[in-house]
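**Q** Sequence:
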Amino acid sequence: MSDELGALLFILKIIFIDIVLGGDNAVVIALACRRLPEKQRNRAIFIGTFLAVIVRIGLTAMVVSLLNIPYLLLAGGIFLILIAFRLIMNKEEKHHVKAGTSLFSAIRTIVFADIVMGLDNMLAIAGASKGNIGFIAIGLLISVPIIVWGSKLILIAMERFPVLIYAGGGILVYTAAEMIMSEPKLSPFFSNYQHFAALFPALLIALIVTIGWFSNLVLSNQLSDKS
1 MSDELGALLF ILKIIFIDIV LGGDNAVVIA LACRRLPEKQ RNRAIFIGTF LAVIVRIGLT
61 AMVVSLLNIP YLLLAGGIFL ILIAFRLIMN KEEKHHVKAG TSLFSAIRTI VFADIVMGLD
121 NMLAIAGASK GNIGFIAIGL LISVPIIVWG SKLILIAMER FPVLIYAGGG ILVYTAAEMI
181 MSEPKLSPFF SNYQHFAALF PALLIALIVT IGWFSNLVLS NQLSDKS
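Just so we're aligned, residue 1 is where the sequence shown starts under my numbering, counting upward by one.
Check the hints yourself; a few may be wrong.
Here are the computed lysine to any residue pairs in the SDA-like style, where the Cα-Cα straight-line distance is at most 20 Å [what the hints assert, rightly or not]: (1) 185 to 67; (2) 185 to 197; (3) 185 to 39; (4) 185 to 70; (5) 185 to 102; (6) 13 to 165; (7) 185 to 68; (8) 39 to 198; (9) 39 to 209; (10) 39 to 50; (11) 13 to 61; (12) 39 to 55; (13) 13 to 53; (14) 185 to 66; (15) 13 to 195; (16) 185 to 50; (17) 13 to 178; (18) 39 to 178; (19) 185 to 13; (20) 13 to 221; (21) 39 to 102; (22) 13 to 141; (23) 185 to 53; (24) 39 to 165; (25) 185 to 171; (26) 185 to 51; (27) 13 to 146; (28) 185 to 65; (29) 13 to 209; (30) 13 to 201; (31) 185 to 167; (32) 13 to 145; (33) 185 to 55; (34) 185 to 162; (35) 13 to 196; (36) 13 to 181; (37) 13 to 64; (38) 13 to 102.
Don't read these hints as lab results, they were simulated from the structure.
All of these numbers come straight from a predicted model, not from anything done at the bench.
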């Protein structure tokens with residue numbers, strides 16, 4: 001694989017992960033600006049999104065540096081698996097966001113809410129980027145505007161084509177597998193069992209996606225029986 005193609009794949013993976021995990025962030029932006037006049041609302045969205053991207057790039061870079069701590073890659077991988085499973089199961093999150101009554105308060109809400117809600121994005125992107133801050137910056141600069149301005153289309157697409165949710169979950173699990181295999185404390189194990197190491201990402205994806213699909217099927221049947 002050429003360096004250019006490898007870089008493109010890394011950036012595309014970062015963009016896809018951020019879009020899949022970023023739907024809630026778009027909801028927060030809408031809630032934060034709902035009381036502003038339309039002209040101020042657009043300005044708050046633009047400024048708040050710009051500042052949120054800058055802050056997120058910096059924080060993601062910090063997360064990348066922290067991944068050198070022993071067993072943190074393993075913990076991050078396990079956390080990503082839980083995020084992927086939650087995504088596949090379509091667990092809804094409640095948003096308690098106070099609508100800003102001024103331009104400044106709306107921007108502040110957007111930035112702080114994005115930081116708090118973007119922790120899963122930061123961890124996933126840090127793992128997917130393999131420490132390349134340039135890939136992180138490019139991926140976020142492309143994906144965040146797509147999330148903000150195209151959030152409704154993204155949500156409609158996911159509702160109409162559920163396979164996109166499973167695909168997103170699969171990519172998160174693949175990133176988690178890469179993080180776990182990159183853990184220095186576990187590298188001797190994967191070096192000694194290279195055949196297992198080659199199959200590990202695919203097995204993990206198949207396991208999580210299958211459990212999620214089966215759980216969704218059982219839940220759907222239970223809801224049908226109640227109705």
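**Q** Going back to the hint list, which numbers does this structure go against?
**A** Hints 3, 5, 8, 9, 12, 15, 16, 18, 19, 20, 23, 24, 25, 26, 31, 33, 34, 35 and 38 are the ones this structure does not satisfy, whereas the remaining hints hold.
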